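**Student:** Here the protein sequences line up with chains A and B, keeping their order. Per our numbering, the first sequence starts with residue 1, numbered consecutively. Per our numbering, the second sequence starts with residue 1, numbered consecutively.
Hints may be right or wrong, so weigh each one.
A few chain A residues that face chain B, going by a derived Cβ cut-off under 7 Å, partial list only [claimed, not checked]:
#  : residue
1  : N32
2  : R39
3  : S43
4  : D46
5  : S111
6  : G112
7  : T113
8  : E115
9  : L116
10 : I118
11 : T119
12 : V122
13 : K273
14 : W274
Some chain A residues judged to face chain B by a derived CB distance under 8 Å, without partners named [said to hold, decoys possible]:
#  : residue
15 : P27
16 : T35
17 : S47
18 : P121
19 : R123
If you're looking for bench data, these hints aren't it; they were derived computationally from the structure. These numbers were taken from a predicted model, which means no experiment stands behind them. Cβ coordinates follow ideal geometry from the N, Cα and C atoms, glycine included.
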Amino acid sequence: MTTETNANLLDTPERAPAAPARTLTKPSFIANVVTIAGRELRSYFDSLTAYVVIGITLLAVGGFMFMGDDESFWKTDRATMVRMFEMLPWMIAGIVAPGVTMRSVAEEKRSGTLELLITLPVRDSEVILGKYIGAMSLVLVLLAGSLLYPVAMFTKPFWNLGVLDWNPVWSGYLGLVLLSLAAVSVGLFFSSITENQIVAFFLSSFTLLALTAIGKAVGSVQGWGGDVLAFVSILTRFQPFAKGLIDIRAVVYFLSIAAIFLAASFRSLESRKWS
Amino acid sequence: MIAASNLSKVYGAFRALDKVSFDVRRGEVVGFLGPNGAGKSTTMRILTCFLAPTSGTARLNGLDIFDSSLEVRQNLGYLPQRAPLYTELSVFEYLRFAASLRQLDYGTFMKRAKTVVEVCGLAQVLGKEIRQLSHGYRQRVGLAQALIHDPPILILDEPTSDLDPNEKAEFLDYLKQIGRDRTVLLSTHNLAEVETACARAIIVSRGRIVADGSLGDIRGRSGKVRYTLTIEDPKGELKASEVSEALAAVPGVSTVDQRPVQGKSLSFEVSAAEENDLRPQLSQLVLQKGWMLLELRRDAQTLEDVFRALTVGDARRNRNLKASAVEEDDNDDDDDDDDDDDDDEPAAPAARA
Ligand SMILES: Nc1ncnc2c1ncn2[C@@H]1O[C@H](COP(=O)(O)OP(=O)(O)O)[C@@H](O)[C@H]1O
Ligand SMILES: [Mg+2]
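Whenever a hint applies, use it, and build me the whole structure from the sequences.
**Tutor:** Here it is in structure tokens:
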């Protein structure tokens, strides 16, 4: 390096040498969250994560709807999307949310990039929220992608297989978004407690599948035990949405799970300081 | 500018830092030295608000790391050990990312980026993804992101440990420019680096500060000198242990270390207090015994000697440093003073008297 570039550096006009604690722009919460979320989303599409998760899920949904057992779309022969709404909660709980969030914090801890991120003037809450919104955005892209099925099946220039009642479809999607808000939050939490993204994936997949599956058991458990299961089950909470009902208690339920696990992720990120 | 007071950090049952206090004044470039595991990174992580100290606190630019964590981070640029960057971003995107989180508007960012890219020599790779870059270049990107907001304080954790000798020299050159009007704390386990780049060093060992002062002060601190004595032994009839015993018996000598054998000669390193010149006594001994003297040299203690003396407890972790210290004088295959982790030659066998 020449002294010329050096002079250049020193002559930068705003450089008042070693000014006392400079008053800098106060960090903007929203702007930082958006920047972090944007980078997250970008890295999903940069690695194969986004394509793999979206591809697998859409294919699986298609396969489940059109092929196989007695209840496939062709066999039932009705203009309905219930089949998709049976399938997607399981996919989101078992694969999508864990797959999308597994790297979020765990991989950054492992590779050390978290240190560089957190030593920038960002709040821990901005990091968590940014990562959450980044992951959630990818899930929304996926859900939007799954809309291709009803559109292709029941609208004019395409197959137009029948007259679909769109109301349960929209409420079903609302339910899926709420369910995803909760599931992604759970995934993010498990990613924040380990440095190993595979461990994060299995922990959140297991937890979310268990929370979903207990919905299946609800019918067979009598009394208050069944009530409790129904209360915590992702599946029972989701089902009304697929039928066109918007259950306000379920909305509260999903948002509460999201909030609780976001707070837990935040705590977990903060706890690095005291390790 | 940086004031650490009584920083302690306990990991589980392990005390990584023990009441570390130091001050770095405005505009100083200070080397933070210590063998691996001494607690350098831990200290820096505390200063940069990544970790909280178990006890004690620190102020940067007058701001407390607990009370004004965000402002502290606004005032500093930090390059963590091994420059962990988002490798999927291009160099430009990375700088843009760091700048956005530092609230630089686009105009300011472009202006700063121009300067920083020039200083760090990144013009050629600006559009490349970081994953395609060599470690040397990643290190530069790390430095560039630390400088993007023109911070008054710069904290660099082993910025040169993965660089080749040329890159190191270049990096230290940047550092000299950058350090002109900034407060810089630079950690390293390479002494040559400190001698080039810093006027002052803080030496840590096992979580404690063992020396803090100008390089001259630290060098003079031990009050010892060392003599290098080589005698010829063409027939291989001399016993090294006898020679070193005889040397140790000379009044004033404190330790005798045998250097690795080179051809048909035996070489010893004798250390003694600074006050008296022992060369007459040593040469007399050689004459008396009828040995054939090849070399007798008196050196002031190097910074390296002091460093070794101060951090002896860390012998195990310190292994690579010892190896390179030996190399320095042997001057056989590798004289670039490279203290890297992979530089793992066994230390010379020492015949201590
Ligand atoms: N997160 C951690 N948990 C437990 N021990 C740690 C942790 N981080 C560092 N240490 C230990 O603390 C000591 C100091 O580490 P560090 O500050 O990284 O040293 P340096 O940077 O000087 O090589 C080392 O012995 C290291 O093993
Ligand atoms: Mg370190």
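**Student:** So, for every hint listed, does it hold in this structure?
**Tutor:** Here is how each hint holds up against the structure:
{"no.": "1", "hint": "N32", "in the structure": "holds (6 Å)"}
{"no.": "2", "hint": "R39", "in the structure": "holds (6 Å)"}
{"no.": "3", "hint": "S43", "in the structure": "holds (5 Å)"}
{"no.": "4", "hint": "D46", "in the structure": "holds (4 Å)"}
{"no.": "5", "hint": "S111", "in the structure": "holds (6 Å)"}
{"no.": "6", "hint": "G112", "in the structure": "holds (3 Å)"}
{"no.": "7", "hint": "T113", "in the structure": "holds (5 Å)"}
{"no.": "8", "hint": "E115", "in the structure": "holds (5 Å)"}
{"no.": "9", "hint": "L116", "in the structure": "holds (6 Å)"}
{"no.": "10", "hint": "I118", "in the structure": "holds (6 Å)"}
{"no.": "11", "hint": "T119", "in the structure": "holds (4 Å)"}
{"no.": "12", "hint": "V122", "in the structure": "holds (6 Å)"}
{"no.": "13", "hint": "K273", "in the structure": "holds (4 Å)"}
{"no.": "14", "hint": "W274", "in the structure": "holds (6 Å)"}
{"no.": "15", "hint": "P27", "in the structure": "holds (6 Å)"}
{"no.": "16", "hint": "T35", "in the structure": "holds (4 Å)"}
{"no.": "17", "hint": "S47", "in the structure": "holds (7 Å)"}
{"no.": "18", "hint": "P121", "in the structure": "holds (4 Å)"}
{"no.": "19", "hint": "R123", "in the structure": "holds (7 Å)"}
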